[in-house]
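Respectively, the protein sequence lines represent chains S and R.
Residue numbers are given in my numbering: position 385 of the first sequence equals residue 385, and the series is strictly consecutive.
Residue numbers are given in my numbering: position 185 of the second sequence equals residue 185, and the series is strictly consecutive.
Take the hints with a grain of salt, since some may be wrong.
What the hints assert, rightly or not - Simulated pairs of lysine to aspartate or glutamate, DMTMM-like, Cα-Cα distance not exceeding 25 Å:
#1 115(S) <-> 384(R)
#2 200(S) <-> 196(R)
#3 115(S) <-> 196(R)
#4 310(S) <-> 294(S)
#5 200(R) <-> 317(S)
#6 115(S) <-> 242(R)
Stated by the list, open to error - Per the computed footprint, the stretches of chain S lying under chain R, defined by three or more beta-carbons under 8 Å from a beta-carbon of chain R, are:
#7 287–300
#8 389–402
Everything labelled a hint here was simulated from the structure, so no lab data went into it.
Where is the CB? At the ideal position from N, CA and C, for every residue including glycine.
2 protein chains.
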Amino acid sequence: MSMLKQETEASEVVAKASLARQAAPRLGWLATEQKNEALLRMANALEAEYESIVAANAEDISRGRENGISESLLDRLSLSRERIAAMAEGLRQIVALPDPIGETLAEFERPNGLKIRQVRVPLGVVGIIYEARPNVTVDAAGLCLKTGNAVVLRGGSSAISSNKRIVEVLHEALRRTEVPQDALQLVQDPSRSSVDQMLKLNGLLDVLIPRGGASLIQNVVMNATVPVIETGAGICHTYIDDSADYEMALAIALNAKVQRPSVCNAMETLLVHEQFAERHLPSLAQAFTERNVELRGDDEARRLVPSMNKAEAADWDTEYNDYILNIRVVSHIDEALEHIRRHGTKHSECIVTENADHAERFLQEVDAAAVYHNASTRFTDGFEFGFGAEIGISTQKLHARGPMGLPALTSSKYRIVGNGQIRG
Amino acid sequence: MSMLKQETEASEVVAKASLARQAAPRLGWLATEQKNEALLRMANALEAEYESIVAANAEDISRGRENGISESLLDRLSLSRERIAAMAEGLRQIVALPDPIGETLAEFERPNGLKIRQVRVPLGVVGIIYEARPNVTVDAAGLCLKTGNAVVLRGGSSAISSNKRIVEVLHEALRRTEVPQDALQLVQDPSRSSVDQMLKLNGLLDVLIPRGGASLIQNVVMNATVPVIETGAGICHTYIDDSADYEMALAIALNAKVQRPSVCNAMETLLVHEQFAERHLPSLAQAFTERNVELRGDDEARRLVPSMNKAEAADWDTEYNDYILNIRVVSHIDEALEHIRRHGTKHSECIVTENADHAERFLQEVDAAAVYHNASTRFTDGFEFGFGAEIGISTQKLHARGPMGLPALTSSKYRIVGNGQIRG
Chain S
1 MSMLKQETEA SEVVAKASLA RQAAPRLGWL ATEQKNEALL RMANALEAEY ESIVAANAED
61 ISRGRENGIS ESLLDRLSLS RERIAAMAEG LRQIVALPDP IGETLAEFER PNGLKIRQVR
121 VPLGVVGIIY EARPNVTVDA AGLCLKTGNA VVLRGGSSAI SSNKRIVEVL HEALRRTEVP
181 QDALQLVQDP SRSSVDQMLK LNGLLDVLIP RGGASLIQNV VMNATVPVIE TGAGICHTYI
241 DDSADYEMAL AIALNAKVQR PSVCNAMETL LVHEQFAERH LPSLAQAFTE RNVELRGDDE
301 ARRLVPSMNK AEAADWDTEY NDYILNIRVV SHIDEALEHI RRHGTKHSEC IVTENADHAE
361 RFLQEVDAAA VYHNASTRFT DGFEFGFGAE IGISTQKLHA RGPMGLPALT SSKYRIVGNG
421 QIRG
Chain R
1 MSMLKQETEA SEVVAKASLA RQAAPRLGWL ATEQKNEALL RMANALEAEY ESIVAANAED
61 ISRGRENGIS ESLLDRLSLS RERIAAMAEG LRQIVALPDP IGETLAEFER PNGLKIRQVR
121 VPLGVVGIIY EARPNVTVDA AGLCLKTGNA VVLRGGSSAI SSNKRIVEVL HEALRRTEVP
181 QDALQLVQDP SRSSVDQMLK LNGLLDVLIP RGGASLIQNV VMNATVPVIE TGAGICHTYI
241 DDSADYEMAL AIALNAKVQR PSVCNAMETL LVHEQFAERH LPSLAQAFTE RNVELRGDDE
301 ARRLVPSMNK AEAADWDTEY NDYILNIRVV SHIDEALEHI RRHGTKHSEC IVTENADHAE
361 RFLQEVDAAA VYHNASTRFT DGFEFGFGAE IGISTQKLHA RGPMGLPALT SSKYRIVGNG
421 QIRG
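Chain S on its own, in the form it takes in the complex (with noise of 0.2 Å):
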């Protein structure tokens, strides 16, 4: 029985991402104006259909509910006509953003004639793997649509009754477009099972992105065969140079820690060069004890305010997402730069400081997608950065850095034309 199940289940992942493969190269050679129709007659539909999207969305719920998950975890599940509006809105303005397909990235002749063109085409297949937030389906499958790849969707389980009626209407709405229903699939098995088999799927689907914790990154890290673009964690720090300006500085730091603390390119370490650290810390540190921030702080912190908190070892490489704030004194901006190598995600990094050397030294030596001087990191946005999307922020190295726009979602082939050319 338990093996029939497995069966029926593989065979859901297998056969959804095969339809997705089978739909793709159709897809890929739409032209701009039919990908924006579907997109626009997607958008409508989930206004039209909203009431059918909340009356699923309150299954989930109520399910939720029943498993006791947080207040907090309800609210990002929970739908609404204005988040409907909303995710229609992100779908419309998915449409208003340039189509990246077709672009000519490279063109040259070679000497014996040869005519080589690079283009951007689209990745493919591409795999996403989320948590709750049914806002992902709609997000995620625009972003993939406008640029011709199909998507394999698979949504945490707790969403699962809206993620299903979603696609309904979705599909729906594809049905009097040129963009094949079988280019959006949802997996609707909720087991672990499905999410493994998504994993190695090698040959079905070209990419993976996950979306969500640290634990759900980590885990499609470590066993994915197919290519992942690891997006995700930030342990980001800000430093305060001994030659900052202090109401800049202070300004940063509360930005970077207060403004939004559950995401990624919040601050969850702040370095204080020891002479500012003297003049400045206590008032610093009151001011994030005002915003209801919890502070962890080094020995030489808790001297200077020895009401905080002692940081553990641990501490330093915890990504709270939370009102709680790291605190360590260095002598000198080496010191800072040291503890950010062995701290860092290589997410976000952001030294204030006045002194011009001091600001080349930081940008050039941190490895990270994002090195700001002078400016919070809760910039680390695709919207913010102009790209008017992002798939999610890039940690890695490979393919894409930081804040990722449709281009992120793209590959590239080359056209080669000749008249008989042949290697000698």
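Using the hints, position chain R against chain S.
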């Protein structure tokens, strides 16, 4: 005892990767001239020390003979003064190439005044896993150092004496340069365990590049948790359309098969339109037979050329790298496209036709790194493309696709300069 041995082995790979990791930042910040100086010294040292390298190589050759390895493998393994001079010359060619590091890829200012610049940076530490040819040791070291990357080399055990001596000579040459010796590491442990360890060195290695046969590449792709750039297997097709010019088709097909059958961009299967086949297959087949190519045909091909062997099902999915060619007669371009979709490896594919619509369909619809109209697939090569170097030919869609020049060994980062911006 075996435990102890394994621990010693474990520590070699980890210890060397750690040294490379520590050396990587310093190497990444060197000026182009400093890196070029080191490459030139490496080239000169190889030539000056050729006798000791040839002597070390003789050990590999004699061990290889004892182990009964094939003559063609012995030939690839063997070094002479001329071959060492060619390796040195390869390094000097890398010196002449433009340095991609530091290049500005994009630069823009946001409405809030943030100045964002995306610059090319090294990947960090590159792991290369390869087979018998000791010239890869020099080539990979040169390409990685030029792009500011530290490199951990794990060559085949059959070339270990040659590789050890080569790396000693290169280390000695680096002693008087700004490039830290630790940036170049050779794993000496010849056991499978050292490869297995490299595959999992997340955090110490930024990327793995396998160079070698299909089984080596598959092992790396299927088992690595470190991101991989897949280079590799090529089951390349040439499709001769009904409107093809006979002389051109003959020249291109012969070149694609026999100019160098052992390489990945050589043709394995010839697809011929039935009308062209009816007129020309016998003479085409004869031209291959005269060049000692064994032909394996489908039923229709064998009806036209009865002397042909029969192609078995597995033949269409075999990369022979040898004087063997599959021939299939198709009734329509659609059948050729479908065959390539099923049996191709997304490497290099060619159509020979005088029909512009068919050419465009082929170039558009075939999903491969390089698609050709009226030219031999043998041109898929970094040097033939004018890149001046080649890390390998990527057959994956992420990061790099097709022949990879120096930019494929780089990543990017965003440098963001503000004057106190915070997110609202």
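- Can the restraint linking residue 115(S) and residue 196(R) be considered satisfied, given a maximum Cα separation of 25 Å? With Cα atoms ~42 Å apart, residue 115(S) and residue 196(R) exceed 25 Å; violated.
- Task: Decide if the proposed pair is consistent with the structure: residue 200(S) and residue 196(R), CA atoms, cutoff 25 Å inclusive.
- Result: holds (19 Å)
- Satisfaction of hint between residue 317(S) and residue 200(R), Cα-Cα up to 25 Å: Holds, at roughly 21 Å.
- Message: If you count the residues of the region 287–300 of chain S with a beta-carbon closer than 8 Å to a beta-carbon of chain R, do you get 3 or more?
- Response: Per the Cβ count (0), the hint is violated.
- Message: Check the hint pairing residue 310(S) with residue 294(S) against an upper bound of 25 Å on the C-alpha distance.
- Response: holds (11 Å)
- Restraint check for residue 115(S) with residue 242(R), where alpha carbons must lie at most 25 Å apart: Holds: residue 115(S) and residue 242(R) sit about 23 Å apart, inside 25 Å.
- Query: Does residue 115(S) pair with residue 384(R) here, judged by a C-alpha cut-off of 25 Å?
  - Reply: Within the cut-off at roughly 12 Å; holds.
- Query: Does the region 389–402 of chain S contain three or more residues whose Cβ lies closer than 8 Å to a Cβ of chain R?
  - Reply: Satisfied; 6 residues make the cut.
Hint violations for this structure: numbers 3, 7, all remaining hints satisfied.
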